[in-house]
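Our numbering numbers the first residue of the sequence shown as 52 and each following residue consecutively.
Please note that the accuracy of each hint is not assured.
[What the hints assert, rightly or not] Beta-carbon label-pair distances, calculated as ranges:
| hint | residue 1 | residue 2 | range |
| --- | --- | --- | --- |
| 1 | Asn343 | Ser781 | 44 to 50 Å |
| 2 | Glu519 | Leu319 | 55 to 61 Å |
| 3 | Gln421 | Glu345 | 54 to 60 Å |
| 4 | Gln421 | Arg768 | 16 to 22 Å |
| 5 | Glu320 | Arg666 | 24 to 30 Å |
| 6 | Thr56 | Glu275 | 45 to 51 Å |
| 7 | Thr622 | Arg415 | 28 to 34 Å |
| 8 | Asp611 | Thr502 | 54 to 60 Å |
| 9 | Ser73 | Gln421 | 55 to 61 Å |
[Claimed, not checked] Cross-link-like lysine-lysine pairs, in silico, DSS-like; alpha carbons within 30 Å at most:
| hint | residue 1 | residue 2 |
| --- | --- | --- |
| 10 | Lys428 | Lys149 |
| 11 | Lys107 | Lys301 |
| 12 | Lys741 | Lys341 |
| 13 | Lys165 | Lys712 |
| 14 | Lys317 | Lys149 |
| 15 | Lys358 | Lys391 |
| 16 | Lys443 | Lys246 |
| 17 | Lys744 | Lys165 |
| 18 | Lys443 | Lys409 |
| 19 | Lys443 | Lys404 |
| 20 | Lys301 | Lys712 |
Hints listed in this document are in silico derivations from the structure and should not be mistaken for laboratory results.
What you are looking at is a predicted structure, and each value in this text was computed from that prediction instead of being measured.
Beta carbons: idealized from backbone N, C-alpha and C, even for Gly.
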Amino acid sequence: MPIITVECLLAASEETRQYVWSLMVQHAVLVRELLERAAQHPDFERWQSAGNLPAKAVERLAKESSNEEPPLLLEPRFSQLPDRFYKSAISTVQTTYKSWLALQHGRQQQRNRKQLWLDIVEDDLLTEYDESQLDSIIKKAHEILSQLLSEMKKEANETSEDKKVRRKKATKKKDKAQTDSEEMQEERKFISIYKLNKLYNSSTDAVTRRAIAHLVRNHSQVNEEEDPDKIPLEIEKTRIEIERLDQQLKSQLPKGRDPFGTQYQKNLEFATELPSKLSTSEEDVSEFIKWNAEEGQRRIAVMRLPKSLPYPISFGSNTDLRWFQETQERKTLKGKKTNKPRNQIIVRFQGLKNHSFKILCDRRQLPHFQQFVTDWKTYQELDRKGKADSEKCSASLFLLRSARLIWREDNRVPPKSLRKKKGKQKNNAVVASGKNVGSSSDNRKTEPWNTHRLYLQCSIDTRLLTAEGTEEVRQEEIGQIIKQLEGDSKDSRKKKAVTDNQELTAGQMADRKRKSSTLTRLNNKSAFSRPSKKPYQGQPDIVVGVSFSRHKPATAVVWDAKEDKILETQTVRQLLVDRKVQDKRGNQTIVQLKFQQYRLVGRHQRLRRNRLRRRNQERSRGMYQQSKSETNLGLYVDRLLAARIVELAIKWKAGSITLPKIENIRESVESEIRARAEKKFPGLKEAQDKYAKEFRISFHQWSYGRLDTAIRSKAARVGVLIETAWQPVSGDLQDKAKDLAQAAYYTRESAER
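Can you make the complete structure from the sequences, with help from the hints?
Structure (structure tokens):
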């Protein structure tokens, strides 16, 4: 589903901002309490081993009493919270623990795979090596690999019930082609290592075992020019990765935010704590040694600032927001009124009905918020009492899908004129009595609801911007409801719904009635009017593969599956060259203007290197200030690259864009750096750290996650499908991009059979 997020600033009175801040602080405390109770639950270890949290677990924790304490929802300190804030707290805790448990489960699986790899490679190195057997080992490796590939093709073509159920589960939140592609890629990765391990342990022939070890070392590929000197480095890298994974598996449980600063106060007390006794006795000396050993922990505790801002408030239903439009008088800069009125968009929230907020947004986001107003107005007009369901409309076709309220620190710099006025007011604040008149107003300005700004983030489905996309969403909603009513869905099978109304419970009857009413409303096609625009239709046989590298952000390859050839290749230089420039501008030549955007890549890398070299020196002097210039420049370049890659896909009418999976790429890079440092300076910790620092500056040059997000966002706006695959380790950037496109295409083809 092509979902994007639009953001706006909310303007409200100081009383409203103070009220919202107090509610969101209570909401943050509730989230913190729920996180602690979830960690103390008797079934938490079982949830952790399974890597998942039951759907209603947090909701039951909020309603049940714990250790002779009343339920959290009934405590007086949370009595002022609206119902929507309760639901948001439960959803926040559910999402937090679900992601943490899934992350820990994935780390454990990754550790198991790396341990298998390490065991096979180390066992193979212990055996005697005969160079005359090299050709037979390579030949045997080809045979084993072809055998495994044929077995995987048979498994991919199977249509067993287990695979059908697994794909139905996965297609709830993702497009079918994308989900099947990711699932098959995951299966291929797991099957290869476990099958090779099983074959290795069951085989007794020396050549076969060496061939299997060769495939394991080279990631299920045959490498006839394998360098034996690189094997110890790979082993050391894998050992470091396992050690780092062990440390991450011991990571702390999710902790809530600290809106009152109590946790930071504890950190300060721990950091400034001195030994209780200072003397020359042996016991006191041992205590001092222990205190001195904790210096690093104290320094980390005081430098790590806990998040104090309240959690965002999530509004999962699009009917929780009420949209209006008011006509207001417009004033010029000199304060004079004009004849042209201004239409101000107003929003009210479920649970905050008595408080209104003005929408302040950019011109690019304004049409979306105007559409929110139109949708809500249509919904109100058609949802009046006395009208039949066939004349009403369904909120599932709203452009708005969900929303979040979020606070951010106000980092705006006041203008010079305002700063001069403040200085004069401060100088004139002292009266004859010696008291400061402006002290109360100054204290009021430092309140958190005055030093922070309130924002609204709205997620929208881009398909609902056009009439064709709205019809597509309508048909999807109708199909889902029909399946649920017929008992074909998962929920219906669990409830064992029957067609006889006499055997239905009151809840089942109400649920069926609600779904029937929604189905009738969805059939009202005249409710929402959208502009007509043909959706993007690409050719499924043409795929754009995008490979990431250390120094070059991206390389794009257009691959035709029918003819099995590369149609076009564009490096980062070719992507960022502006070929539309025909005339020079001022003192800049045509060549300078054409390469203006490409030079930003080098500028970003220079900024990063200078920042990393300067950071430790400035921190030691207490002068370090984090700058956003590097981040903003990188984000701008990422958006340029994303726009050019999507333009390339549209030019060739590609059916999809394939991106590499970027999970654990930072851990892999860090482990390789550590392994190189230990090999170069064995036993010298300071030299290893210095070498790793210098190597790290030149190694990881780009934010792959940020570039991946930019490409996905741009493709979602146009309607181009995004697929993912594992990027090969060896080969140049063009070959890697081609392999990515091929892997995604063949996986999709096998999944559709």
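Now for the hints, and whether the structure bears them out:
no.	hint	result
1	Asn343 to Ser781: 44 to 50 Å	holds (48 Å)
2	Glu519 to Leu319: 55 to 61 Å	holds (59 Å)
3	Gln421 to Glu345: 54 to 60 Å	holds (58 Å)
4	Gln421 to Arg768: 16 to 22 Å	holds (18 Å)
5	Glu320 to Arg666: 24 to 30 Å	holds (28 Å)
6	Thr56 to Glu275: 45 to 51 Å	holds (49 Å)
7	Thr622 to Arg415: 28 to 34 Å	holds (30 Å)
8	Asp611 to Thr502: 54 to 60 Å	holds (57 Å)
9	Ser73 to Gln421: 55 to 61 Å	violated (32 Å)
10	Lys428 to Lys149	violated (37 Å)
11	Lys107 to Lys301	holds (26 Å)
12	Lys741 to Lys341	holds (27 Å)
13	Lys165 to Lys712	holds (18 Å)
14	Lys317 to Lys149	holds (28 Å)
15	Lys358 to Lys391	violated (45 Å)
16	Lys443 to Lys246	violated (57 Å)
17	Lys744 to Lys165	holds (25 Å)
18	Lys443 to Lys409	holds (29 Å)
19	Lys443 to Lys404	holds (24 Å)
20	Lys301 to Lys712	holds (25 Å)
Of the numbered hints stated above, those contradicted by the structure are hints 9, 10, 15 and 16, listed in ascending order.
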